[in-house]
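S.K.: Based on these hints, arrange chain C on the given structure of chain P.
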Amino acid sequence: MKKYFYPAIAALILAGSAFTFAATNWQIADGYSIGFSSNDAGGVFKTFKGAIVFDEQNPAASKFDVTIDAASINTGNGLQNKHAKSDEWFDVAKYPQIRYTSSKIVKAGSGYQVTGDLEIHGVKKPVTIPFTFQKTAKGATFTGSFTVNRSDFHVGKPGGDVAEQIKIDVSVPVTKQ
Amino acid sequence: MFKKALILGIVSGLLAGIAGLIYAHLYYSINAADFSKVASSIRIIASSLAGGVLAAIGFTILNKWLKSNGEIVFNLLFSIISFASLLMPIAYKLPTSLETPELFPGMVIPMHFFPALAWFTLKPLFIRHQPVA
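Line order of the protein sequences matches chains P and C. Residues in the first sequence are numbered consecutively from -14, following this note's numbering. Residues in the second sequence are numbered consecutively from 968, following this note's numbering.
Isolated chain P, as found in the complex:
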């Protein structure tokens, strides 16, 4: 019996310490902003949810799995909204969600960099997003900007009035779960 005592203690300590290194779960708070802009079109997505696990000391153990409700697009113009939801653009009836699932998060300069799969309009592509993580009184805020080529995801017809490159600006306040 004695011979199992110390290994059991060691296993307990190791298991306990593993919890201390586990990344923090963050809950998406109100006031987030998922904006997009180009030369012609611009707007926001109103509905955003998902699971965010992030530890600034241990980004490798972190994970993002977030979705945007494609039908929540708001360009500020009713006709443009209808057009954006149609099968020519986001086809929200067939592809109701835009999804981003991270595969790797690393420290990059003063911020971080997340690599993962972005799925828009049923097309999945690897996308790397640089972001910052700023602690606030209520929790923290993730902020990032990146560019996607809409034609890569078969969103809209190639060419036309709307630029191929669409800038995405993300600001997500979070609170500890």
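There could be a bad hint or two in this list.
The list that follows gives simulated cross-link-like pairs (lysine to aspartate or glutamate, EDC-like), each with its CA atoms no further than 20 Å apart [to be verified]:
hint : chain 1 : residue 1 : chain 2 : residue 2
1    : P       : K70       : C       : E1069
2    : P       : K70       : C       : E1066
3    : P       : K34       : C       : D1001
4    : P       : K31       : P       : E104
5    : P       : K34       : P       : D102
6    : P       : K31       : C       : E1038
7    : P       : K31       : C       : E1069
8    : P       : K31       : C       : D1001
9    : C       : K1060     : P       : D25
10   : P       : K67       : P       : D50
11   : P       : K152      : P       : E104
12   : P       : K67       : C       : E1069
13   : P       : K92       : P       : D50
By construction, these hints were calculated from the structure, which means they are not laboratory data.
M.R.: Below, chain C without anything else, positioned relative to chain P:
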């Protein structure tokens, strides 16, 4: 002539503004959509007044320029301009913080006809038709 037209323009503009405010209030309560951040009461009154005053200027110029045909051309132009101005609310981009932008044209489009409607209704009270001898 211009004095009478200007008074008509101001009165019809004010009436159109009041009609616009009543309509906006009804629209907000029926559709549970509030666009008062974009189309505030002051803006509705001011744009209706501007429409009335511009109509007065146009009416005077056309009557001086085209004499007896001035009013015919003015009425036609006022209707066409009111109709063409519908493109503005249809193409207008609201702040993205406002929900249901698709309801915005439905609120503003009728207001674009109110100045013309008020002008045509009140015109006989201010500028009487001179019968041709």
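S.K.: Taking the hints in turn, state whether each one holds.
M.R.: Going down the list of hints, with the structure as the test:
1. P:K70 to C:E1069: holds, 13 Å
2. P:K70 to C:E1066: The given pair, whose Cα atoms are some 16 Å apart, holds under the 20 Å limit.
3. P:K34 to C:D1001: Status violated; Cα separation ~26 Å.
4. P:K31 to P:E104: holds, 18 Å
5. P:K34 to P:D102: holds, 16 Å
6. P:K31 to C:E1038: Violated, because 51 Å separates the two Cα atoms, which is more than 20 Å.
7. P:K31 to C:E1069: Cα-Cα ~15 Å, so holds.
8. P:K31 to C:D1001: holds, 18 Å
9. C:K1060 to P:D25: At roughly 12 Å apart (the allowed maximum being 20 Å), P:D25 and C:K1060 satisfy the hint.
10. P:K67 to P:D50: Violated: P:K67 and P:D50 sit about 27 Å apart, past 20 Å.
11. P:K152 to P:E104: holds, 16 Å
12. P:K67 to C:E1069: Between P:K67 and C:E1069 the Cα gap is close to 8 Å, so the pair holds against 20 Å.
13. P:K92 to P:D50: holds, 19 Å
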